[in-house]
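Novice: Residue numbers (the numbering used here), protein chains in the order written: chain A, 1 to 127; chain B, 128 to 361; chain C, 362 to 655.
Think of the hints as simulated: they come from the structure by calculation, not from any bench.
None of these values were measured; they are calculated from a predicted model.
Each residue gets a CB set at the ideal place from its N, CA and C atoms; glycine is no exception.
Mixed in with the good hints there might be a few duds.
Said to hold, decoys possible - With beta-carbon atoms standing in for the labels, derived distance ranges:
{"hint": "1", "chain 1": "B", "residue 1": "K189", "chain 2": "A", "residue 2": "R80", "range": "25 to 33 Å"}
{"hint": "2", "chain 1": "B", "residue 1": "S213", "chain 2": "C", "residue 2": "R469", "range": "51 to 59 Å"}
{"hint": "3", "chain 1": "B", "residue 1": "S158", "chain 2": "C", "residue 2": "T560", "range": "53 to 61 Å"}
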Amino acid sequence: MFAEKLLPLISSFPQDAEALRRMAEYLGDFESRRGPAVFKIRLNPNRLFDIMQAGSTSRLARLVSILVEGEIIRREVVVRFPSGSGITFESYSDLPFLIRDPDRDIDVRVTEENIEASYILVTNEVS
Amino acid sequence: MTTPLDLELPEAATIVDIRILHPDHNKTPVSLTIKIVETRITKTFDSELIDHAKGVITKKWKFAKKRAVNIATLDHTGLLELRIASQDNQTKYTNLVKELLIKIRKFIPHDGFNMISLNYAKSRILTDRILLADEIRYSNSTARNDLGAVMQISSSSQEDNLSSDDGSMAALDSFLASDGHVTGTNVYVKIPDTKPQRELHLLISGEVNEFAVPVACSAGEYSYVRGKVIALNK
Amino acid sequence: MKSVDVFRIFNSTWDNSYPDKRLSQLQSLRQTLDSEHHEFFDGMLDAKLAGIQDLATATVVILIHGIQTDGAWQKIVEKEIGSLPHTNVIGLGYECVSPLQLASPIRRAPIEKIKQDIRDARAREPAARFMVIAHSFGSYILSRILPSATDISFERIILCGCIIPTNYPWGHYTRQMAPKSILNDVGTRDFYPVMATFTSFGYGSSGRKGFQNPHIKDRYFDYGHSDFFVPEKKHVETYWKPFIKQGEIIESKWDQEKPKTGITLLMLCHPYIGRTLFYAIIISLAIVLTLYFL
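Bound-form chain A, shown alone (with noise of 0.2 Å):
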């Protein structure tokens, strides 16, 4: 079960060990409700802060670093369009200053309203 990659970093992290635990127990009730499809989770922050029940932002980045950091989840910076879609880039820094959006052929100004991070499971397969 992939829940279990966090069962190290419980360990390592005492303090953050229930806000840990809730996203693995979360992860491990996805698994075995929907199977493979844990591997396509894409979670936003808001999300995140649900489920491991951060409390105030400065914990959040905190939890974000541990899991990103212990390779369980990775960041994506998306680019959200009107139509819902978005573009996705690996990091703040490969964001560009203007965006082709595919669905309206439009050219695009990037700026903090349509900026959003969303965060992917890390597996072992090469993408």
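Use these hints to put chains B and C onto chain A, whose structure you have.
Specialist: Coordinates of chains B and C only, in the frame set by chain A:
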């Protein structure tokens, strides 16, 4: 303030009235209300001049000044409500909220206040839509699931009731049942005892503690809608 | 640079930038930070862009341990209290304090360290409700912080194995706290607070006798000094969790069943009588031994 100020278009946001509602002097005051008037600038596109020789396009906008009234009310339960005049071409109110809080902080310090999330009301409006059918007409919803998919479903026009479309509702219910969550809700609240039936547009999206009533309405109607949102959030 | 400094500088840059320049300014700031802070910084940006705000119900529970321990009990409390929604449990540590240091007047270093740690925790979660659980010397540290650091306050306090003097002016330093917000869990088999009282200065027997004052709720248990953390007793789950969660005070049956405190113990608990007796005995023993070996 003993005499409210009468300002049309002040240069800076100005507190024009402060009132304490204290009907029974043997009990704690019911509420403290602060009214702030500000001038907002709205831009409208006027013309465009193309200079082919220089390869320059010059765009001109006209601007107009508009009076906006914002109100901060602190009630005896400790609930602080900030009512901000709606903007013409912007959906983000974060900066206006911040400026309003700074303006009133001499009378209502910000320390000790925390935001109340309306996420529960957002979900309940959908999940209890059958129970709420006599009180709320459903217009559109946005939802997101844990695989990153986004669903947006709306009635064909603002006058229609989406919840009478079984197919749409079934699609939304199915989406939510597979690890989906409501992220925004757009409904019409039916005002009771009105003939013809009056409905007030209610948007619950934006910040977690924000809702919008983007129409002109009476104080009583607003109070009814506000009460509905608070009741649904419990 | 600590993570709290990164937090501060991030928020300052976010608040003081124009929205259209913000991202580029934050990216420039990120370049100046050590790589160990990059993920935390990115996490902060994720949260800000998503519009996440600190919750009104977020709670931070600070744990301050006693001497000659690295606070192993903190893991037990972290697990139990950390299971509450949106609750962050922070175990604070300091360099091991020996009984000799405890008896001496040199106690400043741990107090300053814990004070700064609490300030840092508050800076990171300014909207959260702060509560504290202090055991043994940790209770003494708390009692030294409250008078000097007026910026530090708690919504609820739990004391156990407490060595704060029974005449500590709680009303003076906890004016902003609601009634029944301070619990003192007393172990009626706990001799350490008594020993701390008569062997040194500045300590008291509140962890054995109770404060018996209107600002504090004393609760008595048939425990030794650290029995609060014995897993089988489920003390944290039964008595502390409801108090942290909703301020509920679960009464202890031992309050009614506990035996009367004997006169000898009462004398030892008295700061003047107990100390005088103890040092009289020590000096007498020293004289006898000196005469014997001479």
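Novice: State for each hint whether it applies.
Specialist: So, going through the hints one by one against the coordinates:
no. : hint                          : in the structure
1   : K189(B) - R80(A): 25 to 33 Å  : holds, 32 Å
2   : S213(B) - R469(C): 51 to 59 Å : holds, 57 Å
3   : S158(B) - T560(C): 53 to 61 Å : holds, 58 Å
Figure legend: structure checked against the earlier numbered hints; every hint is met.
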